[in-house]
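K.L.:
Sequence:
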Amino acid sequence: MNFLRRLFASKKTEPPGKPLRLEGQVLGMKAAGKEGGPAEMEVLIARPGYSRDGGRFLPEGVLAAAAPRFEEAQCFANHAEQGPPDVRCLTGWHRNARMGEHEGERALLSTLLVSSAAKWLQDLAADALAAGIKEPFGFSYDMMARAHLEEQEGRGLVQVVDEITKVNSVDVVFRGRHGGMPLALAADDSPDKEIAMLEKLLAWLKENAPNRHEALGKEFTLERVLQACEESGFDPGKMQAQAEDEPPESGAGIPGPAAGSAEPPARKAGGDSAATLKAAAKSGADDPGVERRLAAIERGQVLDSRLKACALPDPVKDKLRAQYDPKRLWEEKDLAEAIQLEAKTLEKLTASGALRGYGARAEVTQDEADRVQGMMDGMVDPKAKISSGARPFRFLSEAWPAYSREPFEPRRVLAACREYGRRASTDFGAIQRLRASLTLAGWGQAFGDSITRALMRDYREDIFNEWTKVVSSKVPLKDFRTKRAVRLGGYGNLATVAEQATYPALTTPTDEEATYAPAKRGGIEDLTLETIQNDDIGAIQAIPKRLSRAAKATLNSFVFVTNISANPTLYDGTALFAAGHGGNTAASALTYANLVTGIEAMMQQTFYNEPREVGAQARPRFLLHPSELSEEAFDLLANTVKVVTGQDATMKNWPNALGIEAILVPEYTDANDWFLVADPRLMDTIEIGFLDGQEEPELFVEDNESAGSPFNADKLRYKIRHIYGGAVLDFRGFYRGAPA
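This note's numbering puts the sequence shown at residues -5 to 734.
None of these hints come from the bench; they were simulated from the model. C-beta: ideal position from N, C-alpha, C; glycine also.
Below, simulated DSBU-like cross-link-like pairs (lysine-lysine); rule was C-alpha separation at most 35 Å, straight line:
{"no.": "1", "residue 1": "K472", "residue 2": "K514"}
{"no.": "2", "residue 1": "K514", "residue 2": "K468"}
{"no.": "3", "residue 1": "K311", "residue 2": "K200"}
Distance ranges between label pairs, derived from CB positions:
{"no.": "4", "residue 1": "N459", "residue 2": "I518", "range": "18 to 26 Å"}
{"no.": "5", "residue 1": "N528", "residue 2": "E661", "range": "29 to 37 Å"}
{"no.": "6", "residue 1": "M93", "residue 2": "P309", "range": "40 to 48 Å"}
{"no.": "7", "residue 1": "P309", "residue 2": "E201", "range": "31 to 39 Å"}
{"no.": "8", "residue 1": "A536", "residue 2": "T159", "range": "30 to 38 Å"}
{"no.": "9", "residue 1": "P660", "residue 2": "E95", "range": "51 to 59 Å"}
{"no.": "10", "residue 1": "G517", "residue 2": "A573", "range": "37 to 45 Å"}
{"no.": "11", "residue 1": "S621", "residue 2": "Y497", "range": "50 to 58 Å"}
{"no.": "12", "residue 1": "T462", "residue 2": "P62", "range": "37 to 45 Å"}
{"no.": "13", "residue 1": "G517", "residue 2": "Y497", "range": "57 to 65 Å"}
{"no.": "14", "residue 1": "K713", "residue 2": "E157", "range": "17 to 25 Å"}
{"no.": "15", "residue 1": "P309", "residue 2": "T462", "range": "51 to 59 Å"}
Throw the hints in and build the complete structure from the sequences for me.
P.N.:
Below, the structure written as structure tokens:
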């Protein structure tokens, strides 16, 4: 019955623009044999690249390296909301996980063995694929991974997956975070499948043309059924479009069979017996006229699905409908090429300005989980960007039901946050659980992610990162052992080499070694039951802001105070500012003359182990000052001309011409001291090393509710941790004015 298979086979439809995304797809299905057993479903688990909302990036190398971890991964009906999944929800296992090609792109593929115990899923997948439903369900991974946050131009903060450490399951859900759609259905030799297809025709006829259905009687042929459907306006393409347009229910999952039932009851069309249906199906098997008419209906289905999927304007679609009449013979690839040609033509016209408002477009959709996560981000941080058409949650009591589907209960909110803390740290650099569906179990992760994103966003504000201007190098550290920063002296001037003379050997310069070790810095912030009960959004918004400001103030103080104004002892056993360091300190107030003296003193220093002056290489780039000297610093650096008492201001202001920038350091407590720092791009100044390259602070949530603060007091504790160290590399990049 090949004509029936073609009638109900799913057709591949190419979207006008395909976003690079992670997604789970059904690629095809081979039904169980007549004797039962598992059915084989080809699945696309994930594509490397950005997720639909651009908030997560999965490199191809990371996905390929993790392919063996997906082997024999279990497949459940929906994620477990809390605790381990229910074995009664187990539907099958993923086998033959491998990287392969799909539609010209690399992707992680697998063969899902759907258990005979999950007959409902076998039937659901087969029916959906046969009816051409574009996205009947999706696949959502549940895995542990290492990831970090990156701020990328045009995208904001992106979670980049570094390593997939464990795969718990790849589950069937109503809508996974990364989508999925069925693309094909493998042939099935089972006659029951063909009878089911004929049942669909009869069911449609009974619903839309009951008189014609009744006129068929109990004994009918396939030709009579088909003729009755055609005369009643049967259109498989429109039926498919209606199925695709049905609005989804947010966050719902694919239900399993009802308790006490083995599988859903079989459909019956008008009470027709199995014998009658078999006879009718057989009657048209070899009828050429029936074949031609079915082929025309099939082409109409292809035409409707193709035109519905493209973004061409309606007049162009009408033109293609007339050109590709289903009654004529044409191939699907010819239609696809025609659609592509029309899209390219419109694209050229719109680009040239000859036509506006049309053209092919790529659409990136945002699913429910991403949309709700954005609303959560906006609740915690008013500066967060959320999708158009959405607004931030205004209260915790408004956000909670979006995940839990239950009334707001403060104790449940605390418990859900701690549950996520037990499963995985909210630290983006640590192993964390990556899941895709919108459930109660996702509340803790969503809330923790929003707190972390707000912390990172505030931490990266330029106004609080002045320390980066004076640091010449930032390096990753592997451990807590002492870091040695070695710097070599110079070779001096090169000698002149006469014709045919031998090049002289250069004296190997000696070296200096600055040392430092990283140290942990951090603290604790509490989210109390009272804050949650009072729905105090202001207090919640203050948590990431207070934590990030504390981290930034600490790092600023480490650079500007510990390594500069505190006058630390350097690698040579001498204080940073000392007479032995080229006279880079003076007991002078901040005046024009003293500023010029400091500039000249820095430029007159000599290179390490060389007689040459450093000159412009050590020319100061920054003037560091306390708040008490803000007016003096402005007067000295903002004016383009030199102000001389009793004279016309016509001479150029040299410090201004050098482009020296004033930096207010609120951590400076001496109202008179000021400092000059060379351009770190030209002269070594300070090196800062971060453990494991983690430049941003890390955030953790306390996860043990039976001990510590959750037991003694109703509250959730957030811990911030920042690990770094640093040291001055070369005294030649600094000068101090410290009046007595």
